[in-house]
Amino acid sequence: MELFWYLAIAIVLTMFFILDGYDFGTGIIHLFFAKEEKDKEVITKSAGLFWDSNEVWLVAAGGMLFMAFPTFYASVFSGFYLPLILVLWLIIFRAIGLELRGQFKFQMWKDIWDASFGVSSLLLALFFGIALGNIVRGVNLGGVEKGESVYEGHYFFLPLWDSSFSPLSKTPGVIDWFTIVIGIISVVTLAIHGANWIILKTNSSINKKLKGVILKLNIVLATLTIFSLIVWKIINPNSFDNFIDKPYLLVFPIIYLTGLIGLFFVKKLKKDIYSFALSCLLIIGGITSSLASLFPILLPSVNTVNEPLTIYNTAAPEYGLSVAINWGIIGFILLFVYMIIQKRLMGGKIDTMDYGH
Amino acid sequence: MEDMLFYDRLQFAFTITFHYIFPQLTMGLSLLIVFFKGKYLRNNIEKYNDAAKFFMKIFAINFTMGVVTGIPMEFQFGTNWAKFSELTGSVIGQTLAMEGMFSFFLESSFLALFIFGEKLMGQKLHFLTGFLVFLGSWASGWFILATNAWMQHPVGYEILDNGKFVLENFSALFSNPWLIPAFLHNQLASVVTSSFVVASIGAFYVLRNKQTEYGKLFLKTGVIFGLVSSLLVAFPTGDWNAKNVAKYQPASFAAMEGIFETEVAGAEIVLIGQPNMVEKKLDNKIAVPNILSFLTYQEWDRQIPGMDHFKKEELPDNIPALYYSYHIMVGLGTIFIGVMFLSAFFLWRKKLYNIKPLLWTIMFLVPFPYIANLTGWYTAELGRQPYLVYGLLRTADGISPTVSSGNTLFTLLGFVALYMLLGLLFLVLVGKTINEGPKPQTH
Ligand code: HDD
Ligand code: HEM
Ligand code: HEM
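Chains as they are written, first to last, in the numbering used here: chain A, -18 to 338; chain W, 1493 to 1935.
Among the clues, some could well be false.
[To be verified] As a list, the in silico SDA-like pairs of lysine to any residue whose alpha-carbon atoms are at most 25 Å apart:
(1) Lys197(A) with Ile268(A)
(2) Lys214(A) with Lys249(A)
(3) Lys1611(W) with Ile322(A)
(4) Lys21(A) with Leu1917(W)
(5) Lys26(A) with Phe1918(W)
(6) Lys330(A) with Leu1617(W)
(7) Lys1924(W) with Trp94(A)
(8) Lys86(A) with Lys1931(W)
(9) Lys86(A) with Tyr1862(W)
(10) Lys1712(W) with Tyr1862(W)
(11) Lys1739(W) with Lys1702(W)
(12) Lys91(A) with Thr1925(W)
(13) Lys1708(W) with Lys1842(W)
(14) Lys1575(W) with Ile322(A)
(15) Lys19(A) with Ser271(A)
(16) Lys1804(W) with Glu1755(W)
(17) Lys1843(W) with Tyr1540(W)
(18) Lys26(A) with Leu1914(W)
(19) Lys1616(W) with Lys1739(W)
(20) Lys1616(W) with Tyr319(A)
(21) Lys1531(W) with Trp1840(W)
(22) Lys190(A) with Lys249(A)
(23) Lys1656(W) with Pro277(A)
Source of the hints: derived by calculation from the structure; they are not laboratory data. Note that the structure is predicted; figures quoted are calculated from it, not measured.
Excised from the complex, chain A in its bound form (with noise of 0.2 Å):
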């Protein structure tokens, strides 16, 4: 049961970040490359159009995390407090960007609100990766200080940053290096995908400068996923123990690989579909690895005295699982449903669809 919620949790956030990436994706790629009006306009229309359709899915992560996993929940949003109230503020000020910058037609009121929108879904970007970061590195829950517990076991509280800004201090902070690197990691996958969307559902004058923009990106991610390999494996030497108990396991980073090895190809495709695939890829195995990685645990301790947070120990009750999944099953056929009528009705290229309005 707790396995049933814990994959459909992964599976949500998992579409979250491949459709919402995209949005953060083409808000970075917006901030940098966009120089002209009509593209600034086609850029975040293409990502205006769904934003809340593709937010919707962080809220329902944390309804269904709520749910299943109240003891990890509240765990982990009180102890990534400020962080966490930062991606809030972030999100209202990605929202309003794209929603406000078409209200009046004056230059720096849209100057303005591209600029909300690229800085917020760069720094969303960079925040998401720096989350994921953090989570993997683990933290000193129970708040342990001469081997005893401040609070109950469960619980911690991280500061933004830590003097030593090391992960391997007795006490990091949310943002050290190591998180910087996953967060930079983040930021460039997402523009990687955001420009394959802007590629995908515009005529901008900037797509075909786009795919070599992809092409160096490219390059960057693979050396940096190399690096943060190695560091990763230093701050916490089993991590990928899982991998060899359960060979099955490394589909996972298979996925992630063909994704950055295809990407090397980007100007060869035959079609823009095949390469957003790609980029898809990407996040899907970039994020399920590193779930596989920790699997059962979902947040690791960096003591010894208070013993991880795993999906077993976090878990509400049986019977509330099991009465949800009657309702979740029907809620994720009802979702399928929209879906395939929202891409029926809206897909080809933005620009060239009459919406009459």
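Keeping the supplied structure of chain A fixed, place chain W with the ligands upon it in accordance with the hints.
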């Protein structure tokens, strides 16, 4: 510890108050948009389609604000009320997760289609997508009220030795006797808000003598919907809620009605008076004897326990605020019925559009349904104190153990600044949309 609790409460109260400004219009206005669009489908008069599209623009701005202020709500249970989440997640996690699954996805998926898709889909499908947006927003109200109803009147649970609430009966969450009256009352109250908004914009156009054609349509629709919903909000639904409070939260009932002393031969209803917490009485009281007993139990001399009947720890901790919130809501509700009745009367006699003072009144009445809605929620939430889960879990025991008051104050200040900005932008954009008015079709 004390000020941790204080800032957590203040932050929750501030962010939910701001959030609730928007959904009440979303839920009510989506009904009126469906009404306009449905009328257009039947009578094919362009005016109605223009009206639907015009309010869609306001709806879209309002919706964005609702979404961006709603997401912090969803996360705040974990960030600021971690202990509460840990202990009750197995129960109210159900309703909150269902809200995401069944209402937010529905609303957001079809909203984009409704806004952008009129040409792509044709009129019938366009109506359908509007209807689904309406359904999604009301479903959202339903699930969130189910959550709140459980906190007001917990059902279908079991408490383990470690203090955790465990769900024992899923369907009890939705057959909770608190839920149906609260849901109906709340939804009708949001229809009140949106009718007043529609009527007020109509009054503005008529008074300004521009777009009067639309102005008259908005006034007529707003007044009719406004009258019906104002009546239904008071009776039966408001009355029904009051009976529930008397039955399940007698201490809150005494506090919100301002009954300090139990009267043996039936309780009076207080119209005006200021609670004096030192002498434990109402100053400058105007009251009518025995009415409260009659309204609550249909018996003139039924005894209703006053505040003297309860221990201090059982009574809400801010009695004057609770008392005023309740009396403001009920007072405004009475005024709404009066104004809407008058307007409807002159509408029927075909004089409404010429009676300037009444039009000015309607125009300026627009903040008051918002105030009534918010004070209604204050009544419910202050009345629930000092508990988070009524009678079982104290508010002080629900906060996050590791988040210090300094951090909460920091984020609270951030939310205040950010929300002021949002509020300003909202007013500017809605003002601009109203000023431009519904445009007749040009193509
Ligand atoms: C336009 C808004 C509006 C108006 C005019 C009224 N209400 Fe109301 N009331 C609400 C908006 C509201 C609300 C915001 O929707 C509440 C808060 C929680 C809820 O479910 O509905 C509410 C709650 C609420 C409660 C529950 C309080 C609790 O849970 O402790 C009672 C007893 C009443 N109302 C009674 C009335 C009566 C007798 C009214 C007679 C005129 C009335 N309301 C008018
Ligand atoms: C239906 C969903 C709601 C839920 C689940 C909910 C839950 C809560 C929680 C957990 C608190 C913090 C603890 C406390 O101080 O009691 C709270 C407080 C509060 N809420 Fe709600 N709330 C809901 C709706 C609303 C709405 C719509 C409003 C107002 C517009 C509101 C107004 C308040 C206020 C003013 C407080 C502070 C009360 C106090 O601190 O004494 N609530 N609510
Ligand atoms: C503490 C309680 C609450 C939480 C956790 C909460 C959560 C949320 C969230 C996450 C959203 C954004 C959904 C999206 O992305 O599309 C939202 C919007 C919405 N909420 Fe709330 N909400 C609360 C209180 C309420 C109340 C009391 C109502 C009404 C009775 C309500 C009705 C709505 C509606 C209709 C929307 C759609 C957007 C809008 O209307 O502006 N919510 N809420």
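Report task. Compare the structure with the hints numbered earlier in the document and write down the numbers of the violated ones, lowest to highest. Result -> When the structure is compared with the hints, numbers 2, 9, 11, 14, 15 and 19 turn out to be violated.
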